[in-house]
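Asks: One-letter residues, chain by chain:
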Amino acid sequence: GENVEQHPSTLSVQEGDSAVIKCTYSDSASNYFPWYKQELGKRPQLIIDIRSNVGEKKDQRIAVTLNKTAKHFSLHITETQPEDSAVYFCAASINQGGKLIFGQGTELSVKP
Amino acid sequence: DTGVSQNPRHKITKRGQNVTFRCDPISEHNRLYWYRQTLGQGPEFLTYFQNEAQLEKSRLLSDRFSAERPKGSFSTLEIQRTEQGDSAMYLCASSFDGQTEAFFGQGTRLTVV
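Chains as they are written, first to last, in the working numbering: chain G, 1 to 112; chain F, 1001 to 1113.
Treat the hints as calculated values from the structure; they're not laboratory data. Built from N, CA and C at the ideal position, the CB exists for glycine as well. Possibly wrong hints are sitting among the right ones.
Stated by the list, open to error - Label-pair ranges, simulated between beta-carbon atoms:
1. G:E107 to F:S1058: 24 to 30 Å
2. F:T1100 to G:T10: 37 to 43 Å
3. G:N67 to F:G1040: 24 to 30 Å
4. G:G55 to F:E1078: 41 to 47 Å
As the list claims (entries may be wrong) - Chain F stretches covered by chain G per the calculated footprint, using a threshold of three residues with CB under 8 Å from any CB of chain G:
5. 1018-1026
6. 1061-1067
What the hints assert, rightly or not - Computed from the model, here is a short list of chain F residues facing chain G with C-beta under 10 Å:
7. G1003
8. I1012
9. R1015
10. Y1035
11. F1074
12. T1076
13. E1083
14. Q1084
15. D1086
16. S1094
17. T1100
18. F1103
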């Protein structure tokens, strides 16, 4: 069935360092890959997304890469700041706005 | 606030009782999704509606769970004969027909005691 695996489950970095979170998906029909940030007690919020017709997308300090052949996509955060501390979820869907299959989440801690 | 709204925010109930949650999506969104999130896990898909039609239900959704979206606007999720394993955050999300991202509500945290 549809499945998304996410690693690592926890990640601790020093302020200013980079953080990388990796996901793999099983459904080859997936072609939309969003990343959500969830702060404690709050709703998941979209931070960046990528469609399968591109290999990389960047928005300021955040970038996402996609390898459709390997069914693998990654989130890269550069120059991390304490306010980046949160749980990050990757997800896969067959279209934007469609049913999302989420990874298990990565708890990112940025130490000042 | 014109985002997705969920009520109540918190619900504590005794095992065996029925509970009902409400979700008000963004007004022009025709798709509405319910997800369940347990501590330390990603949201799990439960069911979704396109307008008033319920188009897909997860195998996770036992027959104690029922969802409705009678007029294609707000939706309700009812859990009958609650069990302790139903304790979770229930999230609602809405989108417009594959043309926008999914926007999430704040969730309803259910605790079954």
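Asks: Determine for every hint whether it applies to the structure shown.
Replies: Against the structure, the hints:
no., hint, verdict
1, G:E107 to F:S1058: 24 to 30 Å, "25 Å, holds"
2, F:T1100 to G:T10: 37 to 43 Å, "32 Å, violated"
3, G:N67 to F:G1040: 24 to 30 Å, "27 Å, holds"
4, G:G55 to F:E1078: 41 to 47 Å, "44 Å, holds"
5, 1018-1026, "violated (count 0)"
6, 1061-1067, "violated (count 0)"
7, G1003, "8 Å, holds"
8, I1012, "16 Å, violated"
9, R1015, "25 Å, violated"
10, Y1035, "8 Å, holds"
11, F1074, "17 Å, violated"
12, T1076, "19 Å, violated"
13, E1083, "23 Å, violated"
14, Q1084, "22 Å, violated"
15, D1086, "19 Å, violated"
16, S1094, "9 Å, holds"
17, T1100, "5 Å, holds"
18, F1103, "8 Å, holds"
Hints 2, 5, 6, 8, 9, 11, 12, 13, 14 and 15 from the earlier list are contradicted by this structure; the remaining hints agree with it.
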